[in-house]
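Enquirer: Take the sequences, apply the hints, and build the full model.
So the sequence lines, in the order shown, correspond to chains S and C. For the first sequence, our numbering assigns the number 221 to the last residue and increments by one with no breaks. For the second sequence, our numbering assigns the number 334 to the last residue and increments by one with no breaks.
Honestly, the hints are just simulated from the structure, not real lab data. Note that the coordinates shown come from a computational prediction; the quantities given were computed from them, not determined experimentally. A virtual CB, placed ideally from N, CA and C, is assigned to each residue, including glycine. One or more of the hints may lead you astray.
[As the list claims (entries may be wrong)] So, partial list: chain S residues that the calculated Cβ filter (under 7 Å) puts toward chain C:
#: 1; residue: Arg-117
#: 2; residue: Val-118
#: 3; residue: Arg-121
#: 4; residue: Leu-125
#: 5; residue: Val-136
[What the hints assert, rightly or not] Okay, the calculated beta carbon distance ranges per label pair:
#: 6; chain 1: S; residue 1: Arg-117; chain 2: C; residue 2: Thr-272; range: 47 to 53 Å
#: 7; chain 1: S; residue 1: Thr-37; chain 2: C; residue 2: Val-14; range: 22 to 28 Å
#: 8; chain 1: C; residue 1: Val-250; chain 2: S; residue 2: Glu-116; range: 40 to 46 Å
#: 9; chain 1: S; residue 1: Thr-37; chain 2: C; residue 2: Arg-76; range: 36 to 42 Å
#: 10; chain 1: S; residue 1: Gln-216; chain 2: C; residue 2: Phe-13; range: 41 to 47 Å
#: 11; chain 1: S; residue 1: Ser-36; chain 2: C; residue 2: Pro-54; range: 18 to 24 Å
#: 12; chain 1: C; residue 1: Ser-163; chain 2: S; residue 2: Asn-215; range: 45 to 51 Å
#: 13; chain 1: C; residue 1: Lys-7; chain 2: S; residue 2: Thr-37; range: 22 to 28 Å
#: 14; chain 1: C; residue 1: Pro-54; chain 2: S; residue 2: Ser-2; range: 18 to 24 Å
#: 15; chain 1: C; residue 1: His-89; chain 2: S; residue 2: Asn-109; range: 38 to 44 Å
#: 16; chain 1: C; residue 1: Ala-141; chain 2: S; residue 2: Val-207; range: 54 to 60 Å
#: 17; chain 1: S; residue 1: Glu-116; chain 2: C; residue 2: His-89; range: 26 to 32 Å
#: 18; chain 1: C; residue 1: Lys-10; chain 2: S; residue 2: Glu-173; range: 58 to 64 Å
Listed below, chain by chain, are the residues.
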Amino acid sequence: MSLYGPLWLSAQLAAVTTVILILLGTPLSWWLARTSTRWKPLVQAIVDMPIVLPPTVLGFYLLILLGPRGAIGSWWVSLTDSALTFSFAGLVIASCVYSLPFAVQPMQNAFEDLPERVLERAWTLGASKLDAFFSVAVPLSMRGFVSAAVLSFAHTLGEFGVVLMVGGNIPGETRVVSIAIYDHVESLDYAAAHRLSLLLLVFAFAVLFAMFALNQRWSRR
Amino acid sequence: MIRLRHKVNKGDFVLDIDTEIPDTGITGVFGESGSGKTTLLRCIAGLEGGDGPPVHRRDVGYVFQQPTLFSHLDVRGNLDYGARRARSHRVEGTHVIDMLELGTLLDRRVETLSGGEAQRVAIAAALMRSPDLVLMDEPLASLDRRRKDELLPYFDRLHDELSVPVVYVSHDIEEVSRLCDHLVVLEKGAVVADGSLFDVLSRVDVPLLAGRNAGVVLWATPVDHEYGLTKFDFGDGDIWVPGEFPADNVPMRLRIAATDVSIMRERPEQTTILNVLRSTVEEIHRVDAARALVRLVVGNQSLLAQVTNRSVARLQLGEGDRVFAQLKSVTVRH
Chain S
1 MSLYGPLWLS AQLAAVTTVI LILLGTPLSW WLARTSTRWK PLVQAIVDMP
51 IVLPPTVLGF YLLILLGPRG AIGSWWVSLT DSALTFSFAG LVIASCVYSL
101 PFAVQPMQNA FEDLPERVLE RAWTLGASKL DAFFSVAVPL SMRGFVSAAV
151 LSFAHTLGEF GVVLMVGGNI PGETRVVSIA IYDHVESLDY AAAHRLSLLL
201 LVFAFAVLFA MFALNQRWSR R
Chain C
1 MIRLRHKVNK GDFVLDIDTE IPDTGITGVF GESGSGKTTL LRCIAGLEGG
51 DGPPVHRRDV GYVFQQPTLF SHLDVRGNLD YGARRARSHR VEGTHVIDML
101 ELGTLLDRRV ETLSGGEAQR VAIAAALMRS PDLVLMDEPL ASLDRRRKDE
151 LLPYFDRLHD ELSVPVVYVS HDIEEVSRLC DHLVVLEKGA VVADGSLFDV
201 LSRVDVPLLA GRNAGVVLWA TPVDHEYGLT KFDFGDGDIW VPGEFPADNV
251 PMRLRIAATD VSIMRERPEQ TTILNVLRST VEEIHRVDAA RALVRLVVGN
301 QSLLAQVTNR SVARLQLGEG DRVFAQLKSV TVRH
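Expert: Here it is as structure tokens:
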């Protein structure tokens, strides 16, 4: 349990984050793909910032924001009587911010590739805008959704800096696999570090390989 | 009648239309590119123009120039899409599938369809939605000549069997002459002529209907055969056309282009031209410096002849003159 516990925790964190990001990222990327407002570059820049920011910078600001005296943290304390920082819930919020661009970009690309005419056809066939979104836009953008889910999941699984800043290293609560590997190396337990690292390596490869293989099959169709 | 009343201002282009079209048959909207044909269709559908109910509550079927079927569904799924959302049932699904001969395509993936097949599916899908009005935006323009010829007979069937009125946008006068019953001519966002196909096509004063677009359509019945020719009776005379058309009393459309009609003062005694019709000059309209359009009447029918102003002067042609019209060629449709 102690060796694979962090792996399980990481998987849970990645799964929860992925679900939240798909739910929140879908309307956001739809809006980004179709809007012509002059605010778009601003929103796009904010969404994509985690790609270029050092995780420690992001983690630092999140630590302040989520801390008991931060804007979100204090509200959370008054609501639940517990702190957001160094908790699983805090990690989920941090991961969502950190992985947001990895969910939004593939979905936004897929929505942008969708010809306006396809939607117009759906409307003229009697579909409301919402109906057309779910019956036409979503199935035709499936590639984008799969990519978004895979990248969000894998990226959350691999995060280190932000987790360390916001979550610390509490077994069963915030000690995710990347932190555990770092710990094992620190304590010179290379065997344990090897076992976890190899698992992540194989997983990362398998997921990306499966995604690209799927993409190739889809584009050939 | 259906009232079409639309006003759109796009800055450099203004569409301002207020006209009525019949609630049966096919109405052609004819114009050059940029005349506002597509904008008019999009306004009727609610895709442009702003006011009015949202697109999905307008009960119009829309056939786009490019078929753009839903690639995540097979042919059957594409047809069901509109059918499931239909709010009335004036169009029978099985009839649509028969009419467009889609029975064998139902289980095909849409990527495996040819351009013509895809357009047939797109038309069927629009009909399955059971619309009150079908809008077609140059449905043949994206196809090559051969595919177009393959598809045209299906439009003939739609014309004969469909009870839903159709608005058919085209810049091809031959397509319009073949398929439409009523014609609206657009120029720079405004209606410059409208009325029954026969009336509009016999006008000489519509600039867009000059040159190679000028020509009339006659209804005529094949009645006799000789030397591999068919004799057509158009009520006020006969026209001979090469080819054996079944003499089954079903009237067909004959298109006679104005450039194929010449005018003579005396009946030509020795000519290889098959058709010479005694007619009266009704109207002479100067098209430009060189050319004039002459409307001739044969009984109750009109013919157009495109001639030079020089010939008009040399023959001293005037309204009311009795002349002979020579028809160089005639196209039979339907």
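Enquirer: To test your reading of the hints: which numbers does this structure violate?
Expert: Checked against the structure, the hints that fail are numbers 14 and 16, while the rest are satisfied.
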